[in-house]
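Trainee: Here is how the chains run, residue by residue.
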Amino acid sequence: MKKLRAKSGIMVVALAVGLLLVGGAVSYTQETETITVTVRCRAKPPMENWRGDNFLLATEELNADLKAAGDPRRVEIELIQDNMDWGPYLSEFVLGFGAGEAPDIWLTGHEYIGAQAEAGRIIALDEMLKEFPTFNLIIDGLWDSTTYKGKIWGIPQDAEARPLYFNKALLKKLGWSDAEIAALPGKIEKGEFTLYDMLETAKEAVARGIVELGNGFWTRPKNGPDFTAFYYAFGGETIDPATGKLVFDTAAGLKYYQFFYDAAQTYGSMGCLGLGWGEAWHPGVSGSKVLFWIGGTWQWAEWAEIYLKDLGGEAYMWENFGFGLIPAAEKGDKPNSLTHPLAYLISSQCKYPDLALALIAKVSNYGPNTRHAIASTHLGILKGQTEYKFYKVSRLLSETLYMLDYTTFLPNNPYWGPYSTITYEALAAAVGGEFTPEEAVDFVVDGLQRELGDKVIIR
Amino acid sequence: MKKKGQTGEGELPLPISSKAKNRTFSRLQGRLAPYAFLAPALIVVTLFFFIPLVMVFILSFTNLDMTNFGILEWWRPANWSLDNYVKIFTNRFFPKILGNTLIYVALTLAFFNVGMALVIALITTHINRQAGFAFRALWLLPRITPVVVYIMMWKALSGPAPMGIINNFLGVLGIGRGEYLLNTHPWVFVILVNGFIGASFGMILFSSAIEAIPKDYTTASKVDGATTWQTIRYVILPMIKWPLLFVTTYQTLSLLTSFEQIMLLTDGGPRLYQTEVWALTAYHRALTSYFGNTQWGYGSAWAVALVVIGIIMAIIYLRVFKFGELVEEPKIDRL
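So the sequences go chain by chain: A and B.
All residue numbers for the first sequence refer to this note's numbering, where the first residue is 1 and numbers rise by one.
All residue numbers for the second sequence refer to this note's numbering, where the first residue is 1001 and numbers rise by one.
Check before you lean on any hint, since a few could be wrong.
With the Cβ distance kept under 10 Å, some of the chain B side facing chain A (calculated, not the full set) [said to hold, decoys possible]:
{"no.": "1", "residue": "G1268"}
{"no.": "2", "residue": "S1289"}
{"no.": "3", "residue": "F1291"}
Calculated pairs, BS3-like style, for lysine-lysine (alpha carbon to alpha carbon, straight line, at most 30 Å) [stated by the list, open to error]:
{"no.": "4", "chain 1": "A", "residue 1": "K309", "chain 2": "A", "residue 2": "K222"}
{"no.": "5", "chain 1": "A", "residue 1": "K309", "chain 2": "A", "residue 2": "K172"}
{"no.": "6", "chain 1": "B", "residue 1": "K1087", "chain 2": "A", "residue 2": "K455"}
{"no.": "7", "chain 1": "A", "residue 1": "K245", "chain 2": "A", "residue 2": "K151"}
{"no.": "8", "chain 1": "A", "residue 1": "K289", "chain 2": "A", "residue 2": "K331"}
{"no.": "9", "chain 1": "A", "residue 1": "K309", "chain 2": "A", "residue 2": "K168"}
{"no.": "10", "chain 1": "A", "residue 1": "K289", "chain 2": "A", "residue 2": "K173"}
{"no.": "11", "chain 1": "A", "residue 1": "K168", "chain 2": "A", "residue 2": "K331"}
{"no.": "12", "chain 1": "A", "residue 1": "K130", "chain 2": "A", "residue 2": "K149"}
{"no.": "13", "chain 1": "A", "residue 1": "K222", "chain 2": "A", "residue 2": "K289"}
{"no.": "14", "chain 1": "A", "residue 1": "K255", "chain 2": "B", "residue 2": "K1096"}
{"no.": "15", "chain 1": "B", "residue 1": "K1096", "chain 2": "A", "residue 2": "K222"}
{"no.": "16", "chain 1": "A", "residue 1": "K222", "chain 2": "B", "residue 2": "K1087"}
{"no.": "17", "chain 1": "A", "residue 1": "K187", "chain 2": "A", "residue 2": "K289"}
{"no.": "18", "chain 1": "B", "residue 1": "K1087", "chain 2": "A", "residue 2": "K255"}
{"no.": "19", "chain 1": "A", "residue 1": "K222", "chain 2": "A", "residue 2": "K168"}
{"no.": "20", "chain 1": "A", "residue 1": "K245", "chain 2": "B", "residue 2": "K1087"}
{"no.": "21", "chain 1": "A", "residue 1": "K173", "chain 2": "A", "residue 2": "K190"}
Every beta carbon over 12 Å from chain A, so not counted as near; a handful from chain B, in silico [said to hold, decoys possible]:
{"no.": "22", "residue": "G1030"}
{"no.": "23", "residue": "R1031"}
{"no.": "24", "residue": "P1034"}
{"no.": "25", "residue": "R1076"}
{"no.": "26", "residue": "L1098"}
{"no.": "27", "residue": "L1102"}
{"no.": "28", "residue": "I1103"}
{"no.": "29", "residue": "F1133"}
{"no.": "30", "residue": "S1208"}
{"no.": "31", "residue": "E1211"}
{"no.": "32", "residue": "W1229"}
{"no.": "33", "residue": "V1307"}
{"no.": "34", "residue": "G1310"}
The set of hints was computed from the structure by calculation and includes no laboratory data.
No experiment lies behind these values; they were computed from the predicted model shown.
Backbone N, C-alpha and C define an ideal beta-carbon position, used for all residues, glycine too.
Just chain B, with the same shape it has in the complex (with noise of 0.2 Å):
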């Protein structure tokens, strides 16, 4: 009796082997596929994303420092303590640091990555199309500058009188005495600067959200009467909710972690801590000092604790805008 599959004497055994074999094979790479396909991505995440991260997090409960780098053995965990975080939180600046960032996220999201970035899609999405555009891609100029450019220019513009544009119409308008408005005002230019990338980020989203309401909407809302500011607060406004909580999810979570512009504006000051945000904390303690005393572990905690910070403030986010019910299917489709 042959059992299936097996052959007998003088038959070829290859073709069906062969086949068996193919079968698993192909059945294999069916299987392996995707993960071949995910481990180019897969591999530079780990490498570059998923490691430092749990090297940070370990950093943070040592006090792995320029002094002791290469002499302490942070990685056992006999060295890892909560001494990091007790430090933060007791630190005589901590409140003006924590005070500082929620200035700064709360401003420059409210003016500019969602306010003006609403204004602008609103105003360039109502007017000629194509100048509507051009407006926009204007807007997106402070984006595709480098970043140490757009700051130069920023410092440039800043500038005490004669050299500073600003201070030469301030001049004009009789106002200022023509000081370096950086030193004097440092908060403005730190919300302005940042707040003229940012809010075109949003403009693109609202703008193209909008512009996918369907025009039977608004022409029914003009119809029935409707004002252009009702149409927006009961017609344009709810449609495009989602984006909207996109918009001010991602870019808190950006704010809260962005420092580069900050540091190369005010690198925290003028005076001491006065414009120094989280990030630009744990920046500092980890990788910057007159000295050189970089305190790798100090730093690494103000890093992870901002993470946290940031997931606690997606999870509101996610609570107050009802992501669970911006997600649902709509009810018709389960009719």
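Next up, chain A with everything else stripped away, as it sits in the complex (with noise of 0.2 Å):
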């Protein structure tokens, strides 16, 4: 008998035991709601990572703010990220949005917030941005590159320079000194070595057999923001601030078809448009088969990590790689660089997007920031990070920082993407020798002004 009411007991006690873990589990399912808030990064693996995975580390301190104010939602992140092409990437998004699918939070060049604005895919930030004080450790002039139409449209996620890169035991076959080749950033800074100058070294280079014809400058191999600069550098603008229109300047597009058709016909430069990144591009430039080349700071990781790991990485970079702004155009001008910032976007279709701007807010501090600019060499975003004792480690953010007191920025606007094609088009023609400077320039007035009638200025 005894032993029947001790299992009874038992069992009652068992049942209370199980009676409250469900009626808490319950309760717990009442009062919470769990959110999923897909994000969707284009980040090459593994150095650029951290743009999508600082998202699924901020989840849990959200998670624990959002408690803490008895808010009883919770979040979970849905993270796609992968290294899609920017034209594919684009068209995923907007087809995504078009059957009501599109990710609550969007990486993207900072580009493309015109043209998303315009067709309501994108939700404009300026009140909510105001409750979370985190955003103001932003630096200010990010801010213009995602402003539209005086509204901010986007959080900055990352800059960087782009410098012209020299190989210093190519300039040493050419007879220069460690003092000339140290030198050098200096004298393109103060506008002393000028574009001409860098294709007089490079013919020489060529003829010298020293690299091959075509190897004595590069730009990147296909259509990209790079061009710009160079546009800018001869005198070009590409927006009319009064109208916000685009804008081409036939005088400067001159100079500038000028230059490139001059590097490829006179000089033995540009034989990279059409290489492919992985077979050609990259092994040429960390190959020290090209003398000077554009290209990114996030390259310089890219190079140490895939290229060049074998030689020693990074320490082999610094011995034999050199990098300066891009020069100026004429003696005493001023040279230049070309930041692209990528940009967080919250989508129109994002149902909670307080929730999402409160996970941009806290990978935008300094120590998920800053993980990604050390891992993938692009500019820290934040206001004093150079400071931060964690950022300090990279050398090459530390070395390209000037470069951003030169930068400039590609236009909002939501026609860059014809225009940019166009102009690219009359480029590669003008290095092809299939069109002179003034065809190239016929060209590009000719498209733009059917492709885009008045959207545009011609000058």
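Using the supplied hints, reconstruct the complex from the two chains, each of which is provided in its own coordinate frame.
Mentor: Structure, rendered in structure tokens:
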């Protein structure tokens, strides 16, 4: 009988515990609501993975904040991150939006903001930003890149410089002393070493067989932001501040196309257009086959991590590669660089933009942003980041920081895509010798007027 | 008076009415059955071919692109115009793209899809049967290899010395400078890559057609003292005229619309539009661009114009090969 009583006692306790657990679980699920926030990032693995991975770490912190604030919502992240080309990446967002499946947070180049804002696919963030003082840390100038028609549409994620790299070993073969090589970035900054000085040096290297014909000076192999920096160097403008319309300056355009025509036809350069990135371009520049080339700071990490790891990675690169600003077109003019900030945008299909923005605020702080900056050799976006203990460890980031003082941007205009395609086609034709510089300008004027009509101003 | 089919009192009405109903039902069933069998295919074709075709046709008259997607009411005739077609034919690079397409189709067709296919078929049907079969099976490898893997292999083969195998051979022969051959000779590779796949199709059809020729004919020609070439020229080729027409027509249309190998291999480069063919332009305009300004309307116009060209070429082929005569009933059957 005693045994039976003890048994029933255990059962009662077990039942009570069970009921408590079930009740607790039920009450928890009733009180909290789990919200999935979709984050779509483009990142070259492994260097740029922090762009998305930082959100995974931020989730726990945000959920703790929500709990403390008595907010019943909890966040989980669905992260989609790959290295898709920009064109298909944009198509994916636009078509996904059309199907009602746009990601909540979309990381993209700032120049897409105009088109997406016009189409109503992203939301303006001005009012919401005030609730997250972290955003006050972002360098003021970078907000210009995410501002369209007076409103802020995105949070800058990273920035970079696009330096003119040079191969020190090849310059030495050309007879340059260590002191001369070390002085080159300074001469470029002062406007004493111009774009045509660079071509002359390249021509000499080709003539003496130090580099192959075509390898004196390289740009990127396909269309992209870098070319605009050269157009700016020759005095070109892309946007009319008064009307916000795109601008093509024919006088600057003629000099710009003349430069690339000369580079290919006369100075043994520009044998780069059309090359595959992985098959020929990166192996070419990192393999010391090219004297001067335009690249991005983020490529430094790529060369160290992928192409030159066996030779010693960064140590080898510091020994053999140097960098400066993109030289001025004329002696005494200001050199430049171009930064192309990526930005986190919030889709207008996002049901909880406040949570999305809270997550972005978490990843826009010193720790997470520095992790990305160091791993991918992108420049930081935060005020005082250069003083941050872990940021200072990157020599490249410290040595390229001054380039932000000379930086330029792409315009934030919905029609930048067709503008860029037309101006690049003319450049490729001039480099290939199919167009004279004058024909290139005519082609651009004709193409822009046909494609964009009064949306572009021809000067 | 009872009408036929009516039933009187006390009789069971069901059987006759049921019979009539059954008859009607089975007649209906007989009429509908073919459509029921066709329905799945019809639905698939309508959904995934016919409707997209009509949409592409309509889109080709609009300026729908990434910037106005969701804003432009492309289905309204008020937004239709011929501008895209004018743009195609006034495009500065149009002659180059057209020329590339003609070169690509003509050379691949002549040297591989028909030429090489015929040579392989003739050789493999004139040697030991098993050896011929094995040789033909080898030629099928490019076709059954996944296209991305296949192109990666070609990229590796054409790589710079010392990694690229072709360059290694050329180096031994003292030819070339070991450069990346895909950049220096892109057209050679575009044609080789496509031709190696394309040749297998004609090879199979021609081989079976040649093997189907009664041996009596070739034996008779040998008895008459014909050389091998004369046997091929005057006996075999006339008897495989129908597969020749089919392969030439089919492969022309196939090459006109194919671009995936070129896209993966050179993407139309390396220099501006150097290996860009019509179908690739349609794809590029409609679906790719660095800054995402994909022009769906304009790209559709390129695609529609290509369809028209394809139809015209098919009609020309049918006339040249006298298709009507080929499908005529044998005269002996008419007697």
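Trainee: Going through the earlier hints one by one, which of them does the structure break, listed in rising order?
Mentor: When the structure is compared with the hints, none of them turns out to be violated.
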